[in-house]
Amino acid sequence: MSFKPSSAIIAALLLAAGPGLVQAAEPAPKAAEASAAASAVAPAPPGKGQVVFFRKSSMLGFPYWTNVRENDVALGKLTNGVYFVQTLEPGVHLFNTSVLGKDAMKLQVDPGETYYVEGKITMAIVGYTIVMAPSDEAAFQKAFKGMKLGKPEAAHSEPAAN
Amino acid sequence: MARRSFGLALLCCVFSCSSALAAGQSADPPGPAAAAAPPAAAEAPAPASTATPPAPSASTIPAGTLLVVELTEPLSSTSSKAGDHFGLRLAEPIEIGGAVVVPAGVTGQGEVIDAKPAGIGGRPGRLVLAARFLESGGQHLNLQSFKLGGGGRDNSSLAVGATIAVGLVGALVPGGGVEYPAGTRATAKIASDVTAPPSAPPAAPSPVPTS
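Note that the protein sequences, when read in sequence, are chains A and B.
Under the working numbering, think of the first position of the first sequence as -16, with each following residue one higher.
Under the working numbering, think of the first position of the second sequence as 181, with each following residue one higher.
If you are wondering where the hints come from, they were derived from the structure by calculation, not from laboratory data.
Heads up, a few of these hints could be off.
Here are the computed distance ranges between Cβ atoms for each label pair [as the list claims (entries may be wrong)]:
1. A/Asn50 x B/Gly277: 46 to 54 Å
2. A/Pro28 x B/Leu246: 29 to 37 Å
3. B/Glu272 x A/Ser40: 35 to 43 Å
With the C-beta cut set under 7 Å, the calculated list includes, among others, these residues of chain B facing chain A [what the hints assert, rightly or not]:
4. Val248
5. Thr252
6. Arg303
7. Arg312
Some residues of chain A that are not near chain B, with every Cβ distance over 12 Å (derived) [said to hold, decoys possible]:
8. Val56
9. Gln91
10. Glu120
11. Pro135
Note that the structure is predicted; figures quoted are calculated from it, not measured.
Glycine included, C-beta positions come from ideal geometry on N, C-alpha and C.
Chain A extracted, bound-state conformation (with noise of 0.2 Å):
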């Protein structure tokens, strides 16, 4: 077996240089995932707002799911790993979900702007329920690798309480 001075050279090289090979291929893949996300989401039509509905995908609790619903109008379904977007007139709105344990969520929504509503699993007594936070396109953007688009269920067009 002989030792060859130019192979030890290259493998030190490589060695070195592999971090920085890493670190500069890391931010691709972020950058890719936000870039997606925002052309995944349109801006608002004119005068109106919109609000994004997304679970993030996850095992926990991945069998339940939950319809988004105002006035007993169901907006979308959030499954486990789907988001969907709803456009609204502005004004203050009233979200429903119900699980195992209900929940109601006030949102005041302005025009031109885009809002972001994150469906999380939490415990109930027995099973899980799924609750609405507000969130922001960052989390959006994070969560989006593994999700898909849902359909919203209606094009909700009412005007909303100021």
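Position chain B relative to chain A; hints supplied.
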């Protein structure tokens, strides 16, 4: 001979007068023109001043102008209730064309839209807020698009872990609440075009009482 000399004298007189007049015409204008310039200049801005009826220092703040505001009091998902009002303060002045039209420090009001304390089972607390207005020079600057409200720490994974380990005890694991100390900064936008009051002095930094 006398007639000829008189004619020459008359010619010289006419020539000198005409040259003097020509010189006077070329030399005179700076004086009268300079004197006449101010009226011309004074007449020119007249239409411009009629085009801007308000005071010269007033400026229009367009709808959608992004503002940085801060809370004047602490807010918590435990103690706040939907419908509560809280104090806001403009953290950075509003500038139009490099001039400050609303100074930092003017106060206003926001509203708690939704509040829910953290619950058992790892359920996070919730606090949804909206900015309503800033008051400057007796004028309300209506606000919208407030970005601050958030959810508390999600302890559901911990709750599930505890349930697996110790049975139903996991359902008693509390979630995290939402706490915003006074001075927390947020952004809001001007809701509609508004004529800024002329350089209103900053209001005293006293918190607006919570109703």
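Identify every previously stated hint that the structure contradicts and give their numbers, smallest first.
2, 4, 5, 7, 9 and 10
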